[in-house]
Amino acid sequence: MQLSFWTYEGPPHVGAMRVATGMRGLHYVLHAPQGDTYADLLFTMIERNTARPPVTYTTFQARDLGADTADLFKEAARDAYERFRPEALLVGASCTAELLQDDPGGLARAINLPIPVVGVELPAYQKKENWGAAETFYQLVRAFARAPQSPPERASCNILGPTALGFRHRDDVREIVGLLEGMGIRVNVVAPASAAPSDLTRLGDAHFNVVLYPEIGGVAAAFLKRQFRQEATKTVPIGVGATREFIAEVAALAGLDASAVAEASRLPWYSRSVDSTYLTGKRVFIFGDATHAVAAARVASRELGFTVVGLGTYSREQARDVREAAAQYGLEALITDDYLEVEAAIEAAACELVLGTQMERNIAKRLGLPCAVISAPVHVQDFPARYSPQMGFEGANVIFDTWVHPLMMGLEEHLLAMFREDREFNDEAKPSHLGSGKLPEQSAAAMPANSDILVEALGWNAQAEAELKKIPFFVRGKARRNTEKYAAMKGIGTITVETLYDAKAHYAR
Amino acid sequence: MGVAPERIRDALDMPQTRARLALQRCQSELAGRSVFFMPDSQLEIPLARFLHNELGMTLLEVGTPFLHRAHMMPELEALPSGTFLSEGQHVDRQLDRVRAARPDITVCGLGLANPLESEGMTTKWAIELVFTPIQGYDQAADLAELFARPLRRKDKLDFGRPPVAVGA
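Residue numbers (numbering that gives the first Met the number 0), protein chains in the order written: chain A, 0 to 508; chain B, 0 to 167.
For reference, chain A alone in the conformation it holds in the complex:
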C-alpha cells in the first residue's frame, strides 16, 4: 500500500455517503471508528450543505474492541431508525471497521426493523470512492426497482448518476432536465441525487436511461438494461458537439425529431470570432475523472482549437476509454492516482493551460500556469453561487468562459508588446489587479523548461541578450529555449543575434 497525503478519491464508503447524502429518505449506518466522522465536513464545508449527511457512525473506540462491537452496531442502527425514521436503511463498514468482520448487513436484518435494509460491502483496500458510489447505487436500484405495470411511453427517461459532492452535478441536472423537457421527454426519476427509495421503485416506468456520470450510474444502468430492457445513453453532453450528438441519441430513443431543438450556445461563434485566433494551438494538459477528461479533450481540440499535449485520469475502471481517446491525439494516456506523477507530466509537457482537478489547480499555481477546473475532486470554489453547469449548451458557454479567461488574450499580447517600455505595462510590472510594483524574479521552474537544455552552459553575447529582451516576455522563454536547442544542435558556442534569427527561421518551417 502506498501512503499518500493527498488523493484523488476517498475510500469507497465516501462514495456510498455521496449516494446517501444526495438522496432523500435514506439513512446510512456506518460501522466506523470515531475518527471517520471527519467525512461529514466534505459535505457541510465543501458543498456548504445546511444539514449533516444522513449518516450515523457507530464511533467505536479502542476500548470497545475488547467488548462486543456487533452489539454497538445493532444499537446504532436501532437508534438511527428511531431518530430519523427513514424509508430505508443503508448499512456498511468503513475501511477500519471492515477489519472487524462484523457483517453490518446481517446484523441490521437481525434486529427486524420495519423498513427495508440494504447492505453494501465495499472492499476498502482494493476500491475507491467512485466505485463505492457506483456499487451502492447499483445495490439500491437492485433492491428497490420494480417492473412497470404497463409499458412506459416512449418519450420518457430517468437521469442516472448525480450525487452529493459531484462536480457541478446540481447545475448539470437542471440543464439536462430543461433540455429533455424542452424536447417533450418526461423525466421520470433523477437518481441518486434528489430521489427517495420509493422513487427508485418507479425506475422501470421510463423507456430509457440518460447516464450523465458513467463512473457512478453505469453499473446501475447496465442492470436496468438487463432487467427492464431500458436502453442507456452513451454520449455525455459536455461541449457543443457532444450535446448535439446527445440530442440526436436521445431523440432516436424517444422517437422524436431532433431538429426542433433550439441551440443556445455562444461557444461556436465566440470560438470563430477573430479575437479567438490566439487560442489556436495553445498547448493544453488535461487530467480528471475519465468522463470529464475525455470530454475536455474533445472540446479543447475541436471546439477551441487547442492542441492537447497531455491526457490522463485517476479513474482506473475507465482507463481504457481514456487510452483510446488519448490515441486520437497521438498521446499515451497517463493513468495514475499519484499527483506527483501528474505534476511531473505537466512540467514535461511544457503546456500553456492546465485543465484538471483541484490538485492540478494547485500544481499549476506552483508552476505559474493558467488553469481551469474540469473535474472532481472538488473544492469549495467548485460550488459557485451562480448557475454554472458543465453540460448542455449553457455548460458550453460556461466552459468557454472558464477555460479562456485564465489565458492572456491576443490583443492583450500585442498591447503589452507595444507598451513594453511603458512604466505601467513593462514586463517586470505586476498585473494591475495585484497592485503596482515589480514582479518577483521569475524562477526557472516557473518557465516550462526542457530539462535536456542547460541554460547556463550556453553563452549569449550582449547584442543577442538585448534582442531577446525585445521579445514579449510570455514568448521569450520559448524563444530562448528554441534558440539554445538550435545552437546546441548546430554546435554553436556563443549565441549571436544571427543565431537567434536563424533559430526563428528554423522553427518557423
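The reader is advised that the hints may include incorrect statements.
Label-pair restraints from in silico Cβ distances [stated by the list, open to error]:
#, chain 1, residue 1, chain 2, residue 2, range
1, A, T49, B, A99, 15 to 25 Å
2, A, D70, B, G81, 29 to 39 Å
3, B, A30, A, G34, 30 to 40 Å
4, A, P405, B, D137, 40 to 50 Å
5, B, A99, A, P405, 42 to 52 Å
6, B, P132, A, T49, 30 to 40 Å
7, A, D78, B, G81, 24 to 34 Å
The following residues of chain B were derived to be distant from chain A, with all beta-carbon distances above 10 Å [what the hints assert, rightly or not]:
#, residue
8, E5
9, T57
10, Q88
11, V90
12, R101
13, S117
14, E127
15, P132
16, L150
17, K155
I should point out that these hints are in silico values taken from the structure, not numbers from a laboratory. From the three backbone atoms N, C-alpha and C, an ideal C-beta is built for every residue, glycine too.
Given chain A, put chain B in place with the hints provided.
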C-alpha cells in the same frame, strides 16, 4: 530555580498589563454570553477556563473527545464548580442539548458548524483554534477575537426582509 518572586513579577508585569488592556474590547462583547463546546480539538477545557475566568462567559457544556483527569487536574480545578463536562460523543444526543440550550456561541468541528449556522445558531470552528497561534500573553486578545468575530458578523449582516404580499 532560585529566581526571586519580585524579579518574576517585574518580568511579567508589562506583558500581563498589555494582555489585559488588549482583552478589554472583546470583554465587553463576550461577557455574559453563553458558550457550548462540542468535542473536537482537545483544547476545550483550557479554552473554557479562559472564556469563563477572563472574559466572563457562561459555560453551558464542555465536551472533549478524551478526558485524562490526572493530566487535566489543574485545568479542571480552575473551572467554575458545577461545570457540565462530557467526554466522547453521542453526537445526536449532544446536538439535542445544543438545540435546547440555544447557546450564544457553539464551538464545534467543521462537520457541524454549517448545519448549526443554518439553524440560526452562531458557531466557532474548533480547528481554527488549533491552527492559530493562541498561546501566551500577546495572543490572548487574538484568541478572544476568534470568539467575538462570529457574533459581530451575525450583527453586521442584513439582507432586508422578503416583500410582504399585497393584502396580507
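Is 42 to 52 Å right for how far apart the beta carbons of A99 (chain B) and P405 (chain A) are?
Given about 50 Å between the Cβ atoms, the range holds.
For P132 (chain B) and T49 (chain A), compare the CB-CB distance with the range 30 to 40 Å and indicate the outcome.
The hinted range 30 to 40 Å holds for P132 (chain B) and T49 (chain A), with Cβ atoms some 32 Å apart.
Is it true that D78 (chain A) and G81 (chain B) lie within 24 to 34 Å of each other by Cβ?
Between D78 (chain A) and G81 (chain B), where Cβ atoms are some 29 Å apart, the hint holds.
Would E127 (chain B) pass as off the interface with chain A, using Cβ distances and a cut of 10 Å?
12 Å, holds
Does the no-contact call for E5 (chain B) survive, Cβ to all of chain A over 10 Å?
Holds, since 49 Å exceeds 10 Å.
Could you say whether the range 40 to 50 Å given as a hint is met by the Cβ separation of P405 (chain A) and D137 (chain B)?
41 Å, holds
With d taken as the least Cβ-Cβ distance between R101 (chain B) and chain A, does d exceed 10 Å?
Fine: 18 Å to the nearest Cβ keeps R101 (chain B) off the interface.
Pairwise beta carbon distance, T49 (chain A) to A99 (chain B), judged against the given window 15 to 25 Å
Cβ of T49 (chain A) to Cβ of A99 (chain B): about 20 Å, so the range 15 to 25 Å holds.
Regarding the assertion that V90 (chain B) does not contact chain A, is the least Cβ-Cβ distance greater than 10 Å?
7 Å, violated
Just tell me: holds or violated, for the beta carbon distance of D70 (chain A) and G81 (chain B) against 29 to 39 Å?
Given a distance of about 34 Å, which is inside 29 to 39 Å, the answer is holds.
Check the non-interface label on S117 (chain B): least C-beta distance to chain A beyond 10 Å or not.
Violated, since 4 Å does not exceed 10 Å.
Beyond 10 Å from every Cβ of chain A: is that where the Cβ of L150 (chain B) lies?
20 Å, holds
The structure fails to meet hints 10, 11 and 13 from the earlier list, while all remaining hints are met.
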